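So the sequence lines, in the order shown, correspond to chains A and B.
First residue of the first sequence: 25, per my numbering; consecutive thereafter.
First residue of the second sequence: 93, per my numbering; consecutive thereafter.
Note that these hints are calculated values from the structure, not bench results.
Only a predicted model underlies this, so the values are computations on that prediction, with no experimental measurement involved.
One or more hints might be untrue.
Unchecked claim - Quick list of in silico lysine-lysine cross-link-like pairs, DSS-like style, CA-CA up to 25 Å:
| id | chain 1 | residue 1 | chain 2 | residue 2 |
| --- | --- | --- | --- | --- |
| 1 | A | Lys116 | B | Lys426 |
| 2 | B | Lys398 | B | Lys244 |
| 3 | B | Lys310 | A | Lys116 |
| 4 | B | Lys145 | A | Lys401 |
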Amino acid sequence: MSRVKELRKSLFGGRTSNARQFGMIFTLVAIVLLFQILTNGLTLNSGNLVSLVSQYSYILILAIGMLMVIVAGHIDLSVGSIAAFVGIVVAKVMQDYSIPWFLAILIGLAVGAAIGAWQGFWVAYVGVPAFIVTLAGMMLFRGGNQFIGNADTVPVPEGFRIIGAGFLPEAGPNTGYNNLTLLLGLLLCVAVVVREWRARRTRREMAADVTPMWISVIRVAVPIVVVVFATLRFAGGRVGTSFPVSGIILGVLVLIYAFVTRNTAGGRHIYAVGGNARAAELSGVKLKRVNFLVMMNMSVLAALAGMIFVARSAASGPQDGIGWELDAIAAVFIGGAAVSGGLGTISGSIVGGLVMAVLNNGLQLMGVGSDRVQIIKGLVLLLAVALDVYNKKQGRFSIIESLMRPFRRDAPTAPAPPVAAGQEHGKSPVAG
Amino acid sequence: MRNILARGVAAGAIALLALTACSQRSDSNAGGSADSGKGFAANSLIGVALPAKTSQNWVLAGDLFTNGLKEAGFQSDVQYAGSSTTVADQQAQISAMVTKGAKVIVIGATDAAQLSTQVEAAKAAGATVIAYDRLIKNTQGVDYYVAYDNFKVGQLQGQALLDGMKAKKPKGPYNIELFSGSSDDNNSAVFFDGAMSVLKPQIDAGDVVVGSGQTDIKQTATDGWKAENAQRRMDSLVTSTYTSKTLDGVLSPNDTLARAIITSVKGAGKPLPVVTGQDSEAESVKSIVAGEQYSTINKDTRNLVKQTIQMVKDLQAGKAPQVNDTKSYNNGVKVVPSYLLKPLIVTKANVVEAYANDPNLAPLTK
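Between the sequences and the hints, there should be enough to build the whole structure, so can you do that?
The following block contains the structure:
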């Protein structure tokens with residue numbers, strides 16, 4: 025086995041979804057570097073990274089929920105309207121009844137859950153296709169937003185703005201950096217090391233092939249370098265800014281949902297339902313409950329995203345949330361989910377969302393008008409998915425294969441031998 | 093194995109220390125803010141963030157800014173918000189301008205109340221923020237406001253509506269309908285209040301009747317300043333109220349909506365009422381010359397942009413920009429020093445003189 029092949033298999037599992045993901049990470053890095061050069065270093069500048077995170081965290085939060093909806097074989101077109109609806113409810117409640125902001129957030133989440141239960145009911149128990157239910161929801165809740173807010177812009181109090189425009193506070197001795205952000209970075213580094221160490225220990229205990237040492241080192245060193253770099257950038261920005269609170273909310277959600285979708289029975293049921301609903305039901309998966317919870321979960325996340333946007337904008341307005349569903353759906357598909365359901369990962373969707381975010385931001389930094397930005401984003405979405413579809417049809421399995429082919433001397437065009445799949449036990453094709 | 097992992101961690105820690113040593117964190121630029129005491133380099137970057145290209149005016153303003161700033165020796169970055177995700181786009185564009193180190197950011201807001209975070213970040217990074225045409229609300233971060241006197245615009249529209257109806261039919265009572273702009277635009281209410289300050293006494297006296305009874309700004313609002321919304325509302329008004337009565341006049345806040353209203357009335361096969369407007373859009377100037385739309389307002393975008401660029405130049409030189417109103421424009425947390433320009437009403441009677449100096453519109457009046 026060549027080193028390249030070994031690396032690919034060990035790092036990314038070598039299967040369709042994971043290899044696609046590697047392709048996306050590769051694309052993300054390439055785009056970041058490209059814009060870093062084109063904008064003379066502005067892309068990775070502290071201030072820009074801070075605004076990048078706070079500008080796109082709510083879209084990425086939507087992408088988490090949307091991934092689960094799409095994996096289950098549905099679609100949700102109502103997220104933008106729900107976000108706008110919850111936003112105006114929360115703003116109004118705080119304005120008219122002077123309710124404290126943390127209570128208002130709970131109210132917002134409860135409204136999101138209620139809306140989700142409403143939509144989940146129609147999808148799961150009545151059997152109306154999610155496309156229709158959420159299309160109806162899109163109109164319903166957009167109208168609700170205008171009705172409650174009189175199509176007016178309603179400001180929110182200062183305290184509430186923390187979740188959208190807040191940063192980790194300054195604490196401890198003056199180190200020239202934001203100490204809490206440094207601490208966060210350190211924790212992440214430790215987590216990366218511990219995770220790799222435990223993975224190796226598990227494989228040894230199970231008497232499985234332990235990955236070569238040099239691969240482990242790469243697997244630890246690369247993320248640490250990235251984390252250290254990002255930490256210093258976020259911690260070293262203008263005083264008063266540091267890692268955004270909305271980014272922390274996003275990070276926590278990514279960890280939780282990645283664990284749920286990968287390592288819990290409930291999470292695997294979503295993939296089973298999306299892969300083959302009939303088979304899943306016959307194997308004892310509670311189809312209706314899974315569909316209900318997936319739709320409900322999406323609405324709760326949409327509510328959260330809506331509140332973060334309102335907090336960031338300091339006001340809830342009638343144009344909030346327009347087009348968000350499309351951004352979230354685009355992120356999920358660019359991140360490697362299958363249109364037919366059953367395939368896709370949380371981390372892939374986040375990477376997909378980041379590709380769009382960096383592209384958008386980089387083009388804006390270069391002063392490209394929003395008309396051309398939209399054209400470019402549309403083409404990127406189409407090409408990313410088309411390339412993958414094309415590669416599947418050719419019997420190769422992904423972008424990465426075609427990227428790697430020119431570098432290989434033996435160039436086999438056949439899919440990976442089944443042996444490779446055999447060695448993969450303990451790793452699921454959709455995990456990541 | 094653990095050995096190598098440990099080495100990896102050590103390497104990471106060393107890298108961290110190495111980078112710590114060259115921290116560029118400072119709050120020098122944060123403290124500097126826009127006192128405009130010292131001015132800035134003559135070839136600095138000036139950011140201009142405008143709303144979506146929904147009316148000719150914004151497109152024209154963008155071109156004038158690009159050329160005007162270039163002539164004045166500045167670098168410019170002129171951006172329009174996208175047509176669907178307007179607010180988020182504009183927020184991102186302003187952040188990008190701050191990142192690029194713009195010294196002055198001119199903002200024609202899409203939603204005047206949703207930009208505080210970005211405006212404050214711009215301020216903290218040392219940029220001066222000028223609100224162009226629409227006042228940015230609820231933030232300390234906005235330094236100046238430059239616009240046409242919009243209350244005056246409303247008054248002129250109300251007066252034109254009365255004059256136009258009198259010229260057509262010497263005696264009242266006149267049936268009218270009211271339209272106002274998008275409710276997320278700060279200016280909509282100002283136009284409407286201005287017009288109502290003229291119309292209200294006549295309505296109370298019974299000389300002017302609002303046929304549908306819809307006189308509240310919430311009922312008359314046109315979401316997003318969209319022509320289709322105005323046309324839809326006019327269609328329903330014609331069906332509900334004017335099947336037998338005649339409609340004498342319609343108060344329309346701008347030209348795009350005025351033309352939509354005229355289209356709707358024409359479509360219903362009714363005689364054309366007196367319709368007001370604003371913005372001097374080419375199609376409406378043609379319409380005035382042809383005798384369809386009654387009036388528009390000439391708020392020459394050239395003068396507004398010229399005034400804004402003059403402010404930028406003053407700031408560059410370290411002078412305080414000229415303002416002529418320091419009382420009227422309260423954005424919710426502060427009174428913003430403003431420079432107001434005088435609008436001009438245009439009807440068929442003065443259309444030729446009004447646009448004599450305008451290279452695009454003058455040929456249309458001949």
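Here's how the hints hold up against the structure:
1. For the hint linking Lys116/A to Lys426/B, the alpha-carbon distance of about 23 Å falls within 25 Å, and the restraint holds.
2. Among the hinted pairs, Lys398/B with Lys244/B is consistent with the structure: their alpha-carbon atoms are about 21 Å apart, no more than 25 Å.
3. A C-alpha spacing of about 17 Å is found between Lys310/B and Lys116/A, which places the hinted pair at or below 25 Å, so the restraint holds.
4. Distance check on the hinted pair: Lys145/B and Lys401/A sit about 19 Å apart at the alpha-carbon level, within 25 Å; holds.
Taken one by one, the earlier hints all hold for this structure without exception.
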